[in-house]
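Q: One letter stands for each residue in the lines below.
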Amino acid sequence: MATMLSVKEVAASFGKLRALDGVTLSVGEGSVTLLIGPNGSGKTTLVNVITGFQRPDGGHVFYGEREITGWSPQRVYRVGITRTFQVPSLFGKLTTIQNLLVADKTNPGESFLKSHIRRLWINHERETVEKASRILQTLGLAEQSDKPVSVLSGGQMKLTELGRALMSDAKLYLLDEPISGVNPTLALEIFARIVSLRKQFGVTFLIIEHRLDIALKYVDYVNVMASGKLIAAGTPTQVVSDSKVIEAYLAR
Amino acid sequence: MALGQVILFIVDLLALFSIYLIINLGLNLQQGITGIPNFGLVLAVAGGAYITASLSTRLAIYLLNVHTNLDPIINNVSVLQLVNPILRSSPWLSTGLLALFLIIGGASGALMGLISSAPAVRLREDYLAITLLAFGEILNVVGTGYDPLIGGPPGTSLPDIFGWAGQYRFYWATLIMFLVAVIIFVYIERLVRTPFGRVLRAIRDNENTARSLGKDITRYRMSSILIGSILCGIAGALWALYSGAVTPSYDRFDYTFLPWLMILLGGIGSNIGTVVGTLVFVTLDELIDYFKYAFAPFLPFNVVWLNYLLLGLLTIFILIYRPEGIVREKWTSVPAAPPPAGEAKPG
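Those protein sequences? They're chains X and L, same order as listed. Numbered by the numbering used here, the letters in the first sequence go through residues -15 to 236 in order. Numbered by the numbering used here, the letters in the second sequence go through residues 6 to 352 in order.
Only chain X is shown next, with the shape it has when bound in the complex (with noise of 0.2 Å):
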């Protein structure tokens, strides 16, 4: 299996604290990763380095062969890398269809001249708006559509972000906690949706997420963070059988 992203001995820091401490890991190209690890553990900051919100103090990032080190997040999305955020980061006063549209990459009329000429942008806008509605319905929020997020639930709000990271036809996923305050029932159908995206599209998931009741029965390889190291890595069975985890991680 080709790499899609390598990491490689990445560090970064807040002031004095140390919140990766030379990290190495890869993902392969078309697996769905977990990566794991106690609170505090450097995985939303690891996250952070590689879609350029910050500058990290040393290490690389690699983007399939091509070195992403220090780009900034207009690049990294444009190149392919599509992330959420762990808090729902949703456009509070557009409607749930039109924080989708944002998300999309090519509209002519987001150029302000010519957004000028309504002929240039409105077809590819109509084609956008049906994407966005079919990726509404597959959530389960075509109800939702012409409503402003601001009325959405939290679990619809993680949907409505997931949804908006679709449309970004990206080749590379990382959600932030794409589960939490979903319900038991639509958070094995969102990871069921996500392998199949896997399937259909061949793309790449690496997911940060503590629900390991639901995430482990999908996903192809486990990453396990402590203290802004990497401290184990492997397949579900490897990784929850490993003592370094359950004293870190699993127990207590």
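Don't take each hint at face value.
Facing chain X, from chain L, some residues (calculated, C-beta under 8 Å) [said to hold, decoys possible]:
id, residue
1, 17
2, 116
3, 199
4, 206
5, 207
6, 213
7, 214
8, 217
9, 219
10, 221
11, 335
12, 339
If you are wondering where the hints come from, they were derived from the structure by calculation, not from laboratory data. Virtual Cβ for every residue (Gly too), placed ideally from N, Cα, C.
Chain L: place on chain X using the hints.
A: This is chain L only, laid out in the frame that chain X set:
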């Protein structure tokens, strides 16, 4: 009030309303739609007014082929005595000059917007606000201290491009300002409904997420400040041409604080709200101006303070009872998706 007075009152009101509507639409685009707290509006308004005033007499001499050795700013009155009769006799020439001056006003506003935003847009919202606030003060200092701009503290007059209307000058000037305001309203209202406008609102709602979705937020913010500043510049130029003269007295109170109050009153983020807020405020303010002396015998203080009392009361009223303003931001609709392929068209 006699009918004549009522008409005068309304014309006056309309003139002020038009000017403020243009400025407020510019502010609403920046603060209401894009989330840029521009506390330096006065810079673009004064820029439009001062630069247009500074260039107007010079350009008029050049374009109308008036031969004179007098300085257009220092000997302003004498030069205008040569220019104004020509303009009075030709409405078309005057209107052409008006168009040119509005372009100059808009460009000056854009220049001011560029100067203030270039270092500022990269800052976070709160720092941005302070930086823009400070920039707003610069131009009055220049206007007062550097005579060739607008003649220092006494100010300078502009060619009277509405002179052809004779005794109906103010009616025509008001009508033209109102038309400009309406055109700008329609333009901005359409702009915010395009995908471009949607990205602006997305950036306002969540800057980081917008970045994570590949939007170049610096560029979008610049565009927003530029468009807003062009509008402010046009308003400044129009007001200078309407009043016929400028002095370096465009202050933060009139051209930053009041616009903010009006868009908060109307409902921030909504262009219709901006219209309502502007109309309500300007009307109240003008009514007080008109009637305040009637209250003089009953009030234990000078009636000039009534306008300020209105501001204070309105601010408190907005904050307590309608923090979202009179008109709430509307959810704009999205265009319908194309019909599925193969589906027969009805009929």
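Q: Checked against the structure, which of the hints given earlier come out wrong?
A: 1, 2 and 11
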